[in-house]
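Participant: The residues making up each chain are set out below.
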Amino acid sequence: MLTRFFRDFRGDVVAIPGRLIALIFFVLLFLIPAFTQQPYILRILIFTNMFVIFAVSWDFISGYTGQMNFGHALFFGVAAYVTAMLNRGAPLGPHWPIGVTIPLGALAAVVAGVIMCLPALRLRGPYLALVTLAFPLILLGIIFANTQFTGGELGISGIDRISDSRTVDYYISVVVMIVSVFIMWKLTDAKSSLVRTGIIMHAIREDEIAARASGINTIRYKLFAFAVGGFFAGIAGAMYAHFMRIAGPSSLDLTLSFQAIIWTVFGGIVSIYGAVVGTYILYPLTESLRFISEYRMLIFAVIVIVILLFMPEGIAVWIRDKIERECPRCKLTNVSWRHQCRACSADLY
Amino acid sequence: MIEGIIVQTLVRGSVYALLALGFALIFGVARVLQLSHTAFYMLAAFGLFALTDAAFLGGIPFISNPAVAIFLSILVTTGIGLAVYKLFIDRVREHHVTVMLITLAVAMAFSEIMLIIFSGQYRSAPAFISGYWEVLGVKVAYQHILVFVGAGVVLIIIWALLTKTRLGIAIRATAQDTEIANLMGINVSTILFTVMGIAAALAAITGVLVAPTLVLEPRMLWPPFIIVMAIITLGGLGSIKGSVIGAFILAFVEVLVVFLLPQGAFLQGACALLVMVIVLIFRPEGLFGIVFEEERL
Numbered sequence: 001m002l003t004r005f006f007r008d009f010r011g012d013v014v015a016i017p018g019r020l021i022a023l024i025f026f027v028l029l030f031l032i033p034a035f036t037q038q039p040y041i042l043r044i045l046i047f048t049n050m051f052v053i054f055a056v057s058w059d060f061i062s063g064y065t066g067q068m069n070f071g072h073a074l075f076f077g078v079a080a081y082v083t084a085m086l087n088r089g090a091p092l093g094p095h096w097p098i099g100v101t102i103p104l105g106a107l108a109a110v111v112a113g114v115i116m117c118l119p120a121l122r123l124r125g126p127y128l129a130l131v132t133l134a135f136p137l138i139l140l141g142i143i144f145a146n147t148q149f150t151g152g153e154l155g156i157s158g159i160d161r162i163s164d165s166r167t168v169d170y171y172i173s174v175v176v177m178i179v180s181v182f183i184m185w186k187l188t189d190a191k192s193s194l195v196r197t198g199i200i201m202h203a204i205r206e207d208e209i210a211a212r213a214s215g216i217n218t219i220r221y222k223l224f225a226f227a228v229g230g231f232f233a234g235i236a237g238a239m240y241a242h243f244m245r246i247a248g249p250s251s252l253d254l255t256l257s258f259q260a261i262i263w264t265v266f267g268g269i270v271s272i273y274g275a276v277v278g279t280y281i282l283y284p285l286t287e288s289l290r291f292i293s294e295y296r297m298l299i300f301a302v303i304v305i306v307i308l309l310f311m312p313e314g315i316a317v318w319i320r321d322k323i324e325r326e327c328p329r330c331k332l333t334n335v336s337w338r339h340q341c342r343a344c345s346a347d348l349y
Numbered sequence: 001m002i003e004g005i006i007v008q009t010l011v012r013g014s015v016y017a018l019l020a021l022g023f024a025l026i027f028g029v030a031r032v033l034q035l036s037h038t039a040f041y042m043l044a045a046f047g048l049f050a051l052t053d054a055a056f057l058g059g060i061p062f063i064s065n066p067a068v069a070i071f072l073s074i075l076v077t078t079g080i081g082l083a084v085y086k087l088f089i090d091r092v093r094e095h096h097v098t099v100m101l102i103t104l105a106v107a108m109a110f111s112e113i114m115l116i117i118f119s120g121q122y123r124s125a126p127a128f129i130s131g132y133w134e135v136l137g138v139k140v141a142y143q144h145i146l147v148f149v150g151a152g153v154v155l156i157i158i159w160a161l162l163t164k165t166r167l168g169i170a171i172r173a174t175a176q177d178t179e180i181a182n183l184m185g186i187n188v189s190t191i192l193f194t195v196m197g198i199a200a201a202l203a204a205i206t207g208v209l210v211a212p213t214l215v216l217e218p219r220m221l222w223p224p225f226i227i228v229m230a231i232i233t234l235g236g237l238g239s240i241k242g243s244v245i246g247a248f249i250l251a252f253v254e255v256l257v258v259f260l261l262p263q264g265a266f267l268q269g270a271c272a273l274l275v276m277v278i279v280l281i282f283r284p285e286g287l288f289g290i291v292f293e294e295e296r297l
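Protein chains in written order, with our numbering: chain A, 1 to 349; chain B, 1 to 297.
Think of the hints as simulated: they come from the structure by calculation, not from any bench.
Just so you know, even glycine gets a beta-carbon here, dropped at the ideal spot from N, CA and C.
Each hint should be verified, as a subset may be incorrect.
What the simulated footprint calls covered on chain A by chain B, stretch by stretch (three residues with Cβ under 8 Å from a Cβ of chain B suffice, anywhere in the stretch; the number is not a length) [what the hints assert, rightly or not]:
hint, region
1, 115-128
2, 141-152
3, 251-262
Not the full set, but computed from the structure, chain A residues with beta-carbon under 10 Å of chain B [what the hints assert, rightly or not]:
hint, residue
4, Phe135
5, Arg296
6, Leu308
Work out the full structure, taking the sequences as your base and the hints as a guide.
Facilitator: What follows is the structure in C-alpha cells.
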C-alpha cells in the first residue's frame, strides 16, 4: 500500500509542476514560524489565510457556476456579526465559546447564501451581479439603523481570541485554509470519479440550458454552490471576527466584495489555485505598502490594471500555461519542456 | 411635506437620470459594465472646483470665469474618458469580468489621485446663481432649479440625437445587433468611441451641475455609483427610457424614506436597493429590458 501511495504521489504530484509547487508552498507555510516569530509578519499571514478562504469561496460560486456574485462580503459579514453576537452574550442569550460560535456563524452564512440565491435562480449575468451587490448594502443600512444591537459604526467589540499565542493562531489559520481549499478543489474537480459536482458546475457555467436539457437539476446545484461557498466564506468571516476581536460594518463593505473578485481574477478565475496565488501576492503586497499609505491604493489599482491588460486570464493561469502542457492524445498533464508525453509518448508539438 | 417630497424627487431624480443615461448608453452599445462612470462625475466636479478656487488655478483671470471653467472641466473630463476607453477598455472588451475589474480599478485610481492632489478635506464649489425661489411653499435654491432644467435640456438633446440623426440611428443599430450593424457598413469601433465620449460628457455635465450643491471630496463617487447601478438594473440594462424612469422611481423612494422614517438617512440606500431587488424578482429583465425567449430560465 505504501508503494502504491508512493507511485500515486510520483505520478500525480511530482510529475505535474503546478501541484509540486503547491505542495512545496504548503510545506513552506508550515515552516514559516520556525524562521520568524515576528508578530507583524504572522499577523499578515493569518489575514492572508483567511482571505484565501474568502477568495476561493468566491471562485467556487462565481467562477465555477458562472453566477457573478458581487456581494460576497454578505457571507463574511453575516458570519462575523453572528459570531460576535453569540460570543458577546449579554443582550442576546448566554456567552457561547469559540468552538460553537464559528460553526454557527458559518451556518448563518449558509442561510444568507440560500436567501441570496432565491433571486439568483431567475436572474443572470449583470442583473445577478447587481442584485447580489445590493444584499450586503441593505444589511448595512439595517445595521446602521439598529445601533442598540449592532453597535452601528463601532461594531461589536470585546469578543474572545482564537488562542492566546500568535503562533497557534497562525497554525489554526493555515490548517483551516488548507482543508477548506482542498475540499473546494475536490468539489470542483471536473475529472473526479468521486463527486459529480465539479463537472456539473462547469456545465452550468458553459451552457445552463444545455445542462437542464441533459437532466441536471440546475437549481439544486446553484443552491449547493451558494450554500457551500457561503459556508466557507462564513468560516473566514467568523475567524476574522475572533482574530480581530471586533465585528464592524467594514466586514460588509463593498470594497471587501470587490477585493475577493480582484484577488481571484488577478490570480486566475475558475481555478481554485488562482485565488490562492492572487491573494498571497496582492494582500501581503498591499499590507507591506502601508509605509507609503498615501499611494497604497493607487499602486494596488495600477498593478491590477497592468496585470489584467497583459494577462487577462490571470497570473497563475498564465504561469501554468508556461510550465504545463496537456498531451493531445491522452489528456495527461506534462511538464512543458518534455517533447513526448510521459504516459503515451505522443508528440507534444 | 408632499411639496417637499415632489421637489426633492425631481431634483435628485434628474441627477440620477443623467448619470444613469450615460451608463445605459455604454452598456447598450458596448455590452460592458463601465464601472468608472461616476469617477468622471467626480473628476468634473473637482475640475470646476480647482478652476474656480483661488488656492488652485482660480488666480488665472480668463479660465476662472465660471462659464469657461464649466466648459473646460467638461472638455477635459471627456478627454480623460476617451483616453480610458482607448487605453484600457478597448483592448479587453471581449472579457466582461476583466472590463468590470479594470474600470473599477480605474475608478479607484482616480479617487486616490484626487485624494493625493486635493487631500481628504471637504470642499465646495461656488454656486452659479445664489438665492431661492418659493414654489408651493417650499424654498428651492436656484441652483437646484438649474440642475433640474439643465438635466431636462440635456435629456432632450440626447433623445433628439438618438432618434433624429444618422449618428443616433447608427448607435441604436449597434446596440441592437453589433454584427449586423457592422455588416451594414457602420464602423462599430468609431460608434463605441463616440458613445464613450457622449457618456463621459454626460457624467461630466452632471458633475459640474451638482458640484455647487454638494460637499466635494474624493470619495464622492461611491454613493451614486451604487444607486446608478441599481437604476439601470431596475429600468432594464441598456434601455434609455428605463434608466430615466428608474432614476425617478428610486429618487422618489429615497426621498420618501428620508422624509417619513426615523433613521431615514441610513436606510435610504437600503430601501432603494430593496425596491430594485423586489422588482427584479417579479421582472427578471427589469422594467423595460428586453429578454430573448431562448435566454429565459
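Participant: Quick check: which numbered hints come out false for this structure?
Facilitator: none
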